[in-house]
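Colleague: Listed here are the chains, written in short residue letters.
There are 4 protein chains.
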Amino acid sequence: MSNTFGRLFRITTWGESHGHSIGVVVDGCPPRLPIDIEAIQRELDRRRPGQSRITTQRREADRVKILSGVYHGRTLGTSIALMVENADARGKDYSEMRDKYRPSHADYTYQAKYGIRAVEGGGRASARETVGRVAGGAVARLVLDQAGIEVVAWVDQVSDICARVDSSAVSLAAVEANIARCPDPPAAEKMIERIDAARKDGDSLGGVVRAVARNVPAGLGAPVFGKLDADLAGAMLGLPAAKGFEVGSGFAGVTMTGSEHNDPFYIDRAGNTPTVRTRTNHSGGIQGGISNGESIEIAVAFKPTATILRPQQTVDTQGREVTLKPRGRHDPCVLPRAVPIVEAMMALVLADHLLYHRAQCGGEPVRGEPEQ
Amino acid sequence: MSNTFGRLFRITTWGESHGHSIGVVVDGCPPRLPIDIEAIQRELDRRRPGQSRITTQRREADRVKILSGVYHGRTLGTSIALMVENADARGKDYSEMRDKYRPSHADYTYQAKYGIRAVEGGGRASARETVGRVAGGAVARLVLDQAGIEVVAWVDQVSDICARVDSSAVSLAAVEANIARCPDPPAAEKMIERIDAARKDGDSLGGVVRAVARNVPAGLGAPVFGKLDADLAGAMLGLPAAKGFEVGSGFAGVTMTGSEHNDPFYIDRAGNTPTVRTRTNHSGGIQGGISNGESIEIAVAFKPTATILRPQQTVDTQGREVTLKPRGRHDPCVLPRAVPIVEAMMALVLADHLLYHRAQCGGEPVRGEPEQ
Amino acid sequence: MSNTFGRLFRITTWGESHGHSIGVVVDGCPPRLPIDIEAIQRELDRRRPGQSRITTQRREADRVKILSGVYHGRTLGTSIALMVENADARGKDYSEMRDKYRPSHADYTYQAKYGIRAVEGGGRASARETVGRVAGGAVARLVLDQAGIEVVAWVDQVSDICARVDSSAVSLAAVEANIARCPDPPAAEKMIERIDAARKDGDSLGGVVRAVARNVPAGLGAPVFGKLDADLAGAMLGLPAAKGFEVGSGFAGVTMTGSEHNDPFYIDRAGNTPTVRTRTNHSGGIQGGISNGESIEIAVAFKPTATILRPQQTVDTQGREVTLKPRGRHDPCVLPRAVPIVEAMMALVLADHLLYHRAQCGGEPVRGEPEQ
Amino acid sequence: MSNTFGRLFRITTWGESHGHSIGVVVDGCPPRLPIDIEAIQRELDRRRPGQSRITTQRREADRVKILSGVYHGRTLGTSIALMVENADARGKDYSEMRDKYRPSHADYTYQAKYGIRAVEGGGRASARETVGRVAGGAVARLVLDQAGIEVVAWVDQVSDICARVDSSAVSLAAVEANIARCPDPPAAEKMIERIDAARKDGDSLGGVVRAVARNVPAGLGAPVFGKLDADLAGAMLGLPAAKGFEVGSGFAGVTMTGSEHNDPFYIDRAGNTPTVRTRTNHSGGIQGGISNGESIEIAVAFKPTATILRPQQTVDTQGREVTLKPRGRHDPCVLPRAVPIVEAMMALVLADHLLYHRAQCGGEPVRGEPEQ
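Chains as they are written, first to last, in our numbering: chain C, 1 to 372; chain U, 373 to 744; chain R, 745 to 1116; chain Z, 1117 to 1488.
Just so you know, the hints here were simulated from the structure itself, not pulled from any lab data.
Accuracy of the hints is not assured; some may be wrong.
Using 20 Å as the maximum straight-line C-alpha spacing, the simulated EDC-like pairs for lysine to aspartate or glutamate come out as follows [claimed, not checked]:
(1) R/K1069 <-> Z/E1201
(2) C/K325 <-> U/E632
(3) Z/K1316 <-> R/E1004
Partial list, derived from the structure: chain C residues whose beta carbon lies under 8 Å from chain U [said to hold, decoys possible]:
(4) Y94
(5) D160
(6) C162
(7) G238
(8) G244
(9) D263
(10) P264
(11) F265
(12) D268
(13) N272
(14) S283
Virtual Cβ for every residue (Gly too), placed ideally from N, Cα, C.
The following block holds chain C by itself, in its conformation from the complex:
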């Protein structure tokens, strides 16, 4: 249960940080979609550590292998299994991790729940687990591509450095233009400096990723418990280190009045069909749990990484208060690498809802005027 995500377009993942492999089974994917292993690999490369000096230096090749579900370059409609083998990680000394619970990691809670945990690299609680999500999300993007839906995310804040960007204009190219994955170059530069400084300090930084889904038709989602924003929130808070979620105006919206916050409707006559649009988008593209045809806009808060290279007070597995003195490398800021992961989760939620809409309403959601 806890390793499966989605209702109709579903992924089930496996793998620990230092086990044989990380993998994902994608179930429910439509048949006959052209599937390009290089497109999947590209997303995994964006997630991979060691891409730049500001992320962790662990080097992993992370080559994806298709185990099933693809035939002559097209999806079969049956389960697609994708696997990334873990590089050999022997030799490192994990004795301190074995005995001492790292603060704000999952060491203690896994032990409390299961009475056992894979010590090396954090096991299943490692951020390496997100390999499966990104691979699955890359398949979900194939479904979105067919529907013309685009998903793009970027680093909007690192510590107190905020980007200034027009979310409607952010492109993948602008995001990938710098190693901070922040489409505001001056802010990106400051973020990189700050991350470099944190690395030298042996400390870590948090931040905010924003994401937008464009060209989402009106009608995706559902009332009450299948709300599109509820599913996005659940998807994002399931990411390692995520502590907050916003859709549209988010927490800032609470100080507005209703007359300021309500999004006035108008008729857009620019295209072939007159379309119902809103002049503002405080709703973030979702009203009553259902997309309204505007861009879906969300933000995810990530806490500073728990792994730091400074001595910390903790307890050991014998119940003694001890000092943890971490060694080696660390990732001072996960934000740049979180970008493709946020995109993957957003793609998974949208693909699931596209299929769900078809199931109940018997066709693609309407663009333009809804049926009277």
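Based on the hints, put chains U, R and Z in the right spot on chain C.
Modeller: Chains U, R and Z only, in chain C's frame:
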């Protein structure tokens, strides 16, 4: 699918604002729990409109009826159905709502999705839908009571008026002591004034509800996709008007460094058994998706209510740009009434995870030291 | 979990035999379907006891009420709740049922599982529970009607009296033409005599219901775990008193050789499009878990009813061996009343798979030649 | 959806006959179970083709690899992935299978559903898919072992040759004592002869597998839709070539009267605690969908294998009527190899219900007297 919530402790709800009734079927409830219809009614009364001058004046008796699943005051283990009949609402004129899409309501998106909608009172999109959640949550509380878990929520912010409260000390009595449901009396007074002013203006206000679950054992939740915080986020963003969610440090945590944010472990020797505790609780009681024995702390942002008594630009069902001129009563601020609803959703998530933990791990989660 | 059936077209039921009501929430129903309360009532009337002298004499009006999900005669796409109130059943003496476990009923197993049970009338284990299934199935039929799919069931065997019918020719009218619901009139006559005799003996009889779904397009179902026949089997064995299930050749097929059993394909050129058909239908319309365009043919074995009016050896709740001496009325043969229930479950499974097919494959299944 | 089985103890499988591998992800397995790869391998070896002269001669090593979820020989509580790589199958000529639909295979229905299919070896529709089930079932057996539950299946009938066995006495050793997996040696001998003859004829035979689960506590299962027998039926009809299912008296029970069929209760005072037992077991260990403490007894009918070495009438993908002339090897009777697969599915269903029972009822089901 979209009308069911939960995995093992599940609720399925029905009902439109102006239909026959609102109801809920609770599935998976443990057998032989003493169930008190008055306890359920009490929660519904807290949710009911017309409780005070600062919430909507619509008066509903909202008497709950048990249709099944209870036998001589105890749960049977089979499905529990609870129903609240809707008062007769005929006579009101809904012609404007029929023709014009209310901005930032679900009128347009329901129409876009389904090609049909129940016009009167917003149908299924009405906040009246939360009756089923609150009734189901009241049953979930019976499960939590047995485990000694307490859930309490309060209004922490209305517009820009913020309460100052020690979340560890907030009691139900303090919350219920004023009509703002804010346990900081001076802030509560200002909130009430501000809400009164908004009512006179025909405008509305947003705010933040905070909630805490106390005495949650370490070990609830699951890695990867069944994370406790992910499920709470999904539950809360499914509430009408919710736009944001935080656990622990939330968005504020992003400007901290890892060395500030990490929660140091220590051994608490105050009780009978030495217990692993953390000195701070930036994690909000959840690490790696699993509870760590500290209080679970969350916040939910609610936008200002969409219904206001001011003219607004919108479009009608014929695709014409028109002005909507609402009449009658409105609820200038849902925050006080959101408190029992947030508690209900939190109780549902926790009860579900309690059952899920038992299923996999074969007993109640450990309090105190985890098994070595 | 245990009170919900289906994946996308789902029903959740509630109610005990002697509680307030029996009801069903239908989730996932397509919007804008014309829904006729009389059509639902008609199915419930077929299920109702006291229709004829050969079924139980308990008289229940069983008037269905729509609680939600329908608006001006059309489905809203949101949850549809249907309820049948139980007639007042006070006065009867249930003391013997309270103390003594009735053999081959669920009295003992409910007690073993839950440590509590609703004694009167068997509570949730009563066949009265099927009211919710039949009401939900009547809604599922609306979905099938749109797709042109017809479901018809009949009594094919009572005790050792077997009907001889051409399953391709059985019509609802022929089934309803006699109180045995057996479309072979001479066999029906013998069945009625035998049931009458069993009643006089205070004994009961079992039998077989056969059902056929016609005009099912090729392509419904799924490989591996969502097989159409697996879902039908699960649906049917969930019926009270069901002990066996067959699809196509069933148990008789095991004595055939492959060369006899394989269904040769041919091209049917009778209609507008040449269609792939099979000359025989030992497969029962399903191959590899997916419909092949032929009629789906199943059979369900029902044991003789457990309630008989003869003394039986049993134990009581105090662990003593005792004799149970039942009094009153009994239903000597449930077969005639099982017919609409089997149809309802078959309709639910097919509607679910229709929606599921749309979700993944993006349209209705192909009739005639599959895409190359 | 269609590649996942189970609610709490769940398996998700992948793999086509001639793809990279067949695999399974087991989710929800309790933590800290000792897991022995050789025990898993042993079950796979029983399923493997080429074990004896009466099953298919295809030789596959089928070595299982653990990809995740196991740590120093114990389960972690997180997802367990198991994989069997497919041997290189290149070189064989599949051109006839590509063009002509094999009668009573899934070639046509896959094509009708998905518009694409993996031709070689039948792809996902190959019986090779059951590797994932057997591997997952071997993990489920670890859960059952802890609870003291034993599952054993055997070949009870091949064509019209029926075994005579006392189901309460059948042991794994007796089943494995001959290549027919029939614990009645004279019948086994006849079965082997008949299968040999069918092979020489290029034809195939069907049969019946019976299975029993012993020492199942009373209380597993659920009323209405989570019935234990319904889940077993769904599990078994999901097996390739399965056409029928029975629990307890099955189809034979329909000719009995209630007074013959009802299982009288008595108190068994042989053990430490007096236990409620039944004198007969027509119920097959399940009453009202819940286990009653007697052995659970089921039967599964398998049709004769579709692959035969005789010319057959069929159609090709161009819509022409053609003759299929199969070559090479075939498996004249799947029954012996179906035995471990039936056991695996039964184990999966029981493990799932054990966990589900713990979740709702908070402990292991009661043996002996239920709570009053």
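Colleague: Now tell me, hint by hint, if it's right for this structure.
Modeller: To see whether the hints hold, each was checked on the structure:
{"no.": "1", "hint": "R/K1069 <-> Z/E1201", "verdict": "62 Å, violated"}
{"no.": "2", "hint": "C/K325 <-> U/E632", "verdict": "16 Å, holds"}
{"no.": "3", "hint": "Z/K1316 <-> R/E1004", "verdict": "16 Å, holds"}
{"no.": "4", "hint": "Y94", "verdict": "17 Å, violated"}
{"no.": "5", "hint": "D160", "verdict": "5 Å, holds"}
{"no.": "6", "hint": "C162", "verdict": "10 Å, violated"}
{"no.": "7", "hint": "G238", "verdict": "4 Å, holds"}
{"no.": "8", "hint": "G244", "verdict": "4 Å, holds"}
{"no.": "9", "hint": "D263", "verdict": "5 Å, holds"}
{"no.": "10", "hint": "P264", "verdict": "4 Å, holds"}
{"no.": "11", "hint": "F265", "verdict": "4 Å, holds"}
{"no.": "12", "hint": "D268", "verdict": "10 Å, violated"}
{"no.": "13", "hint": "N272", "verdict": "14 Å, violated"}
{"no.": "14", "hint": "S283", "verdict": "6 Å, holds"}
In this structure, the hints that do not hold are numbers 1, 4, 6, 12 and 13, in rising order.
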